[in-house]
Amino acid sequence: MIDQLAQEYSNQPVVVIDYHFDISAEPQFFPPQARWEVIQATEAGLGLTWAVVDSGRLYHRGAETTEQAYTAYTTMINDSLAQPATAEIYAFWWLDGNTVKITATVTNNSAITLSAENNAGVYGIVKENGVRYETHTTSQPGLAASKTPISSLAPGQTDTFEIEVPDIDPTDWDKVEIIVLVDYQTAPGEHYDQLQAAIAPKALDIQPNLHTWFLDDGDTLVPGFSSTVLGNAGLAWIASSDQTWLTLDKSSGVVGDSLGMITAGENLIPGWNTAIVVITDNSATYSANVIVNIYKASPGEVINRIYLPVVTRP
Amino acid sequence: MRLGKKILLLVVMLLVGLAGAAHPAQSQEITQQQKLVVFESVGSPT
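Chains as they are written, first to last, in numbering that gives the first Met the number 0: chain A, 0 to 313; chain B, 0 to 45.
In isolation and in its complexed conformation, chain A is listed as follows:
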């Protein structure tokens, strides 16, 4: 059902996050405390399921049938889609060890002053897309979240906030998505409301981040290939390769540039050869890697290739 919702709204600005919660067994993944406090504020007591949009402006505490749940959830999402955003968020993230670090610039376009008095905060939520943990019943797991309180942000004001979400250990970093949102508590003991949310891109990224080639016995030529550096507009970067057989067509550039890679096939050893290209910004705060794998056949070895038919429409 939750996966179905995620699929059905995949072409709309909707993010679906499912937290693990099990009252009958010791949970391995607790709901992130920062979000649990927000969700709990909707209503006291336990329910079959807790589902919220806009940090609890609309919520549902469980349905007897899948049809009832589907109707309730889609009504909530559609209602939320019809609401205007009352804040603007521009955020980006990077990795420091296993800590996700986020910088978010928020403009308060609402009529409410966000402050400690109304528990206002900027949240970073780490989600891993399309992975089904044993502790979860969907492929939309929310792994962790943190809140940075807003001390004061009056209507019309803009400020920048730093959020850190430590101890992230996903199965695949390429599937990690960082959601940033701003909310506040509408009144003491009452539900929260959300002004806006955004999916934060990486401060520095490179795609594709994996190249794999096979070289037949006697071949030394690997066709030139490249990756494109993505991230914060105008950010300068430097790049280096950790193997002498892989050289780069440039050692520095700015976001948006492509990075060409050239292989000296004669310097490869039989079997797998792996090189890692590291790009960093000038302050070495942000970094991204490209992995290059080349399998060089041993003398006399034949690499078998399977050619799959490709059908295209004219």
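The hints are simulated quantities; they were obtained by calculation from the structure and are not laboratory data.
Treat the numbers as computed from the prediction; the structure is a model and nothing was measured.
Worth double-checking, as some hints may not be accurate.
With a Cα cut of at most 20 Å, we get these calculated DMTMM-like pairs of lysine to aspartate or glutamate [said to hold, decoys possible]:
id: 1; chain 1: A; residue 1: Lys100; chain 2: A; residue 2: Asp204
id: 2; chain 1: A; residue 1: Lys201; chain 2: A; residue 2: Asp171
id: 3; chain 1: B; residue 1: Lys34; chain 2: A; residue 2: Glu116
id: 4; chain 1: B; residue 1: Lys34; chain 2: A; residue 2: Asp78
id: 5; chain 1: A; residue 1: Lys201; chain 2: A; residue 2: Asp78
id: 6; chain 1: B; residue 1: Lys34; chain 2: A; residue 2: Asp171
id: 7; chain 1: A; residue 1: Lys201; chain 2: A; residue 2: Asp218
id: 8; chain 1: A; residue 1: Lys201; chain 2: A; residue 2: Asp241
id: 9; chain 1: A; residue 1: Lys100; chain 2: A; residue 2: Asp192
id: 10; chain 1: A; residue 1: Lys100; chain 2: A; residue 2: Glu7
id: 11; chain 1: A; residue 1: Lys100; chain 2: A; residue 2: Asp248
id: 12; chain 1: B; residue 1: Lys34; chain 2: A; residue 2: Glu87
id: 13; chain 1: B; residue 1: Lys34; chain 2: A; residue 2: Glu7
id: 14; chain 1: A; residue 1: Lys174; chain 2: A; residue 2: Glu66
id: 15; chain 1: A; residue 1: Lys201; chain 2: A; residue 2: Asp166
Where chain B lies over chain A, by a calculated footprint (3+ residues, C-beta under 8 Å) [as the list claims (entries may be wrong)]:
id: 16; segment: 48–56
id: 17; segment: 65–76
id: 18; segment: 110–116
id: 19; segment: 231–237
For every residue, glycine included, the Cβ atom is placed at its ideal position computed from N, Cα and C.
Chain B: place on chain A using the hints.
Chain B only, in chain A's frame:
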């Protein structure tokens, strides 16, 4: 009104209309960041 004046008036109205189309009033919706909906669930059965 003579035919010539009518044609002149029509041309002037057309030009005014085109100028308006080239510089439409900017609505608030255009500049506003699109809302992103976050649906969060806990203890979902499926």
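Evaluated hints:
no.: 1; hint: Lys100/A with Asp204/A; result: 15 Å, holds
no.: 2; hint: Lys201/A with Asp171/A; result: 15 Å, holds
no.: 3; hint: Lys34/B with Glu116/A; result: 25 Å, violated
no.: 4; hint: Lys34/B with Asp78/A; result: 12 Å, holds
no.: 5; hint: Lys201/A with Asp78/A; result: 30 Å, violated
no.: 6; hint: Lys34/B with Asp171/A; result: 28 Å, violated
no.: 7; hint: Lys201/A with Asp218/A; result: 38 Å, violated
no.: 8; hint: Lys201/A with Asp241/A; result: 23 Å, violated
no.: 9; hint: Lys100/A with Asp192/A; result: 24 Å, violated
no.: 10; hint: Lys100/A with Glu7/A; result: 30 Å, violated
no.: 11; hint: Lys100/A with Asp248/A; result: 31 Å, violated
no.: 12; hint: Lys34/B with Glu87/A; result: 9 Å, holds
no.: 13; hint: Lys34/B with Glu7/A; result: 18 Å, holds
no.: 14; hint: Lys174/A with Glu66/A; result: 30 Å, violated
no.: 15; hint: Lys201/A with Asp166/A; result: 18 Å, holds
no.: 16; hint: 48–56; result: holds (count 7)
no.: 17; hint: 65–76; result: holds (count 4)
no.: 18; hint: 110–116; result: violated (count 0)
no.: 19; hint: 231–237; result: violated (count 0)
Checked against the numbered hints above, the structure violates hints 3, 5, 6, 7, 8, 9, 10, 11, 14, 18 and 19; every other hint is satisfied.
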